[in-house]
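Could you put together the complete structure from these sequences and hints?
Heads up: the protein sequence lines correspond to chains A and B, in order. Okay, so the first sequence: first residue is 1 according to the working numbering, each after it adds one. Okay, so the second sequence: first residue is 1 according to the working numbering, each after it adds one.
Among the clues, some could well be false.
[Said to hold, decoys possible] To spell it out: a stretch of chain B is covered by chain A in this simulated footprint if at least three of its residues, at any positions, have a beta carbon under 8 angstroms from a beta carbon of chain A; those stretches are:
(1) 10-17
(2) 179-186
(3) 200-212
(4) 235-245
(5) 351-361
Treat the hints as calculated values from the structure; they're not laboratory data. Quick caveat: nothing in here was measured; it's all calculated off a predicted structure. A virtual CB, placed ideally from N, CA and C, is assigned to each residue, including glycine.
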Amino acid sequence: MSKTMTPELAPPRAVLDQDWGRIGRFGGLIALSLIFVALSNMPVSMETFDLIADQVTLGDVSLWWLLLVAGFAVGKEVVLEGMTTHARGPRDIVAGACTGAVAAAGLSVLAVLIDNFDLRDPLINWSPQTLEKLSLGGSVGSGVVLWLVAGAAIGGVGGSLHVLSERPRRLFVTMLVSVFLIAILETVLSDISEDIALEWLADIVYAKRGGLTIVGVVLVAVLSGAYSWWGRVRAQEAKERFQSLEGADRTRGNAIAFGLVAVATVVLPMVLGGITNELLANVGLFVLLALGLNIVVGLAGILDLGYVAFFAIGGYTTAILTSPNRGESWPDWMPDTPWFAALLLVMVFAALTGLFIGAPVIRMRGDYLAIVTLGFGEIIRLLFLSDWLGGYTGAAQGITNIPGVNVFGLTTVKGTNPQAVFYLVAAFCAVAIYVSWRLEKSRLGRAWMAVREDESVAEAMGINTVNVKLMAFVVGAVLASFSGAIFAAKVGSIFPTSFIILVSIVILVVVIVGGMGNIAGVIAGAVVLIGVLGGPKQPGLLQEFSNFKLLIYGALLIWMMLQKPEGLIPNVRRTRELHQEEFLQDAWLRGEIDTDADPSEGGVAPA
Amino acid sequence: MRHKAAPRTGVDWFLLVLKVAMFSVIGFGLFAFVLQQIDPNNWLAQQINDDATGLTADQFEGLIISGVSQGAMYGLIALGYSMVYGVLGFINFAHGEVFMVGAMTGMITSNKLLEAGAWESNFIASLLFIVMVAVVVSTLTAVVMERVAYRPLRGSPRLIPLITSIGISFFIQNVSVVLLGPGAKAYPDLPDWWTETQTIGFLEVQRTRLLVVVVAAVAMGALWYLVERTKTGKAMRAVAEDKEIASLMGINVNRIIVTTFAVGGAMAGVAGILWGIMFRSVVHTTGFLPGIKAFSAAVVGGIGNLGGAMAGGLTLGTAESVAPLLILEPLGVRGVSQLRDAVAFSALILVLLVKPTGLFGERLSADDRA
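Shown next, in the form of structure tokens:
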């Protein structure tokens with residue numbers, strides 16, 4: 001709403017008229033983060049990763065970006081209608097500089113501590129290089145001074161972003177982020193450029209020993225800057241034009257966009273190398289899982305923390321049916337079923353498991369349900385792991401020798417051929433997307449959403465809540481079991497350790513970060529998180545962060561819940577539910593709600 | 001709480017069958033156990049499990065004692081879950097991590113004390129010291145958690161804070177990995193006197209286990225005094241009953257909620273030290289399973305009910321220690337000790353199916369019972 005009105009700006013406040021408490025709080029928080037980063041060994045372990053050749057390493061950036069964020073965040077103000085808003089000025093720069101200095105002071109304290117005490121004992125990651133890094137090459141004393149100056153300077157730059165008007169600010173941020181992204185994705189981008197015969201470009205942009213060249217930095221900065229300055233507005237307009245399309249035009253537009261994505265999905269793996277295809281296949285497996293969980297959590301609003309159970313059921317059923325190495329307790333006459341035939345049984349079995357786990361829990365309170373499903377997930381893993389059922393499931397040794405997928409005698413899809421695996425996963429993802437999309441629009445989908453919004457009301461409207469929720473479990477279970485079946489064929493062997501609770505949580509993070517209840521959001525979440533950071537056991541693009549990825553997942557989950565519970569690409573209806581109070585307030589401000597009116601006369605205007 | 005006599009649906013029938021099945025497994029297992037105890041070679045026992053040997057009195061005693069001491073620990077952690085659920089109405093999934101932080105702090109402090117030589121020369125004082133440090137750190141963790149993550153979410157849909165707490169749990173675990181490394185870390189050896197057994201009447205108990213039970217009892221007593229006999233406790237009960245009315249009565253609701261988290265954190269810190277003394281090893285995942293089991297204990301005892309939490313902890317601890325050998329082994333299940341955790345979760349499911357309000361009744365405000 002703030003966009004529609006230009007508030008009258010009051011003159012900027014005096015430089016020393018600061019909110020010192022806020023500066024202290026932010027500075028302290030960032031200081032703690034800096035100390036944590038320093039003790040996590042990030043600055044040292046990422047020292048070898050050059051972002052800009054011979055100039056800037058990832059290790060440096062791991063500390064500096066926090067200072068920049070500190071300087072910017074401290075000056076952030078909520079613009080409220082009807083309240084005086086001051087123009088930005090030197091005050092913001094000073095605030096940023098002070099915050100940066102406070103944060104840097106915290107880091108200096110750490111440097112002094114390390115210099116004087118042996119912290120190695122509990123804190124295993126501390127090393128003499130950390131101290132060297134923290135004292136910036138010189139003595140500890142000079143390092144402290146340098147850090148204070150650098151902190152104030154970087155914080156000041158962060159604060160000065162508020163002084164800039166929107167367009168140059170966006171220019172600066174876009175340029176900075178693009179350079180960082182292009183630099184950090186070096187390995188992948190140069191791999192891809194080899195595959196599509198753009199090697200010469202990669203040679204210009206990247207230095208031989210890693211990192212962007214100066215030419216590369218300038219090139220990336222100019223291009224992204226140009227986009228931010230001129231292209232962004234047009235892209236926005238094009239997007240709005242697309243969104244304002246209606247009826248047949250809209251359908252055609254959607255079909256074209258969908259066709260483009262489909263063509264890209266088919267063509268891209270052909271030009272990409274094996275490692276990238278492997279990555280894409282892993283992403284696909286998680287897309288499938290996330291789409292399934294999206295139906296359970298996103299549409300029906302059931303928080304299932306044991307979702308990995310269905311993934312495990314899919315994997316194990318496939319393994320037992322197709323592998324000649326299944327446990328010794330199975331009768332000898334059991335044939336080695338082909339994968340597609342096994343899939344039918346997998347579906348049936350997954351659906352039954354969905355019913356079995358779903359039935360006891362659906363009447364429970366939402367939070368009890370979460371813990372009990374988590375318990376079921378663990379019980380199923382423990383049963384697969386136990387010696388009791390070891391004759392059937394191979395216990396800790398798992399089941400090996402799972403043959404690949406024989407596609408009509410044409411080709412065999414297995415782990416050694418990641419491209420084929422990707423196509424197989426993509427086909428199943430397409431099915432899952434279609435099913436999710438049709439279900440969302442169906443009677444059942446509307447019933448799920450009704451149950452999610454208010455169960456008692458849904459029941460009063462004649463929805464059989466029990467059956468509807470069970471259906472969510474079943475559909476989710478079947479989708480997860482597809483993923484498990486492909487996973488078994490891809491890896492060729494299956495162990496209980498692949499099905500720990502962590503997997504459930506990571507899928508949950510993917511669904512929530514992407515946007516609960518939104519198919520596109522969930523897919524984007526899986527691509528970004530699993531592709532870039534990696535899955536519980538699968539490596540992602542950023543190998544450097546593999547030690548920190550679970551930490552990042554946890555932090556992301558907290559941050560999303562606090563800031564944007566509806567996810568990055570939200571579902572409109574879901575957003576309304578989560579921000580109901582704010583929507584009502586806005587409506588009240590616009591005068592659509594008459595609080596004095598008698599509610600029985602319908603005081604609330606349709607929002 | 002449905003009072004209408006709904007017609008039995010397929011789900012009801014299924015649940016009935018499930019309940020009957022679970023109870024008959026328990027009953028049949030116990031029956032088989034008794035048969036084996038009478039004579040492992042009698043015909044019926046042979047039919048059920050021909051290589052069963054039954055338990056000696058000493059083994060049985062050992063199982064009960066380890067179950068009770070473990071259960072006392074679950075009970076201490078469960079208090080935190082129960083109190084927070086009573087006051088705020090959501091599961092603080094990260095409470096298990098507060099317990100882990102306590103155990104980790106104890107590990108670091110006790111190793112430092114060992115280096116300084118105080119651990120052996122003055123064990124009792126060192127123990128008190130590490131308990132103090134662990135309590136302070138755990139309490140701080142719990143309070144910071146409330147302030148940073150839960151307070152901004154008050155009033156949002158009830159699954160939102162639950163999901164946040166999963167994130168926090170994940171985050172704290174991995175902070176520990178990043179700072180302290182992923183390996184298991186050992187507590188220093190206890191003085192010999194503590195690892196020996198003590199005879200009380202006809203029971204022979206390892207002294208560490210005795211210590212665990214005594215400390216848990218003392219902590220429980222202190223908590224009971226706080227909640228039932230002090231003004232703060234009265235305010236806590238009032239806030240649990242109805243936050244709005246409580247604030248109208250002049251109670252600072254925010255402060256009471258922080259106090260609740262702090263007390264729960266302190267209990268978890270004590271439990272962390274007890275864990276360290278009993279198992280002498282701690283990893284970043286130490287908090288996860290005990291945390292979930294403690295929550296189960298809180299549910300088993302009736303959530304919001306503090307005495308129930310302790311009783312639930314003892315019940316669950318004993319069940320998990322005894323049931324595999326008492327019920328599953330006689331039925332011919334191999335490798336029963338691997339199924340301990342599965343038994344604990346099954347107990348939770350069983351209690352929720354049969355008596356969702358817990359064995360001793362839940363104490364929640366009207367809103368949270370929905």
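Results for each hint:
1. With 3 residues bearing a CB less than 8 angstroms from a CB of chain A, the region 10-17 of chain B meets the requirement of three and the coverage assertion stands.
2. With 3 residues bearing a CB less than 8 angstroms from a CB of chain A, the region 179-186 of chain B meets the requirement of three and the coverage assertion stands.
3. With a cut-off of 8 angstroms between beta carbons, the region 200-212 of chain B has 0 residues touching chain A; three or more are needed, and the interface restraint is violated.
4. Check result for the region 235-245 of chain B against chain A: violated, 0 residues qualifying (beta carbon to beta carbon below 8 angstroms, three or more required).
5. Requiring three or more residues with a Cβ within less than 8 angstroms of a Cβ of chain A, the coverage given for the region 351-361 of chain B holds, as 3 such residues are present.
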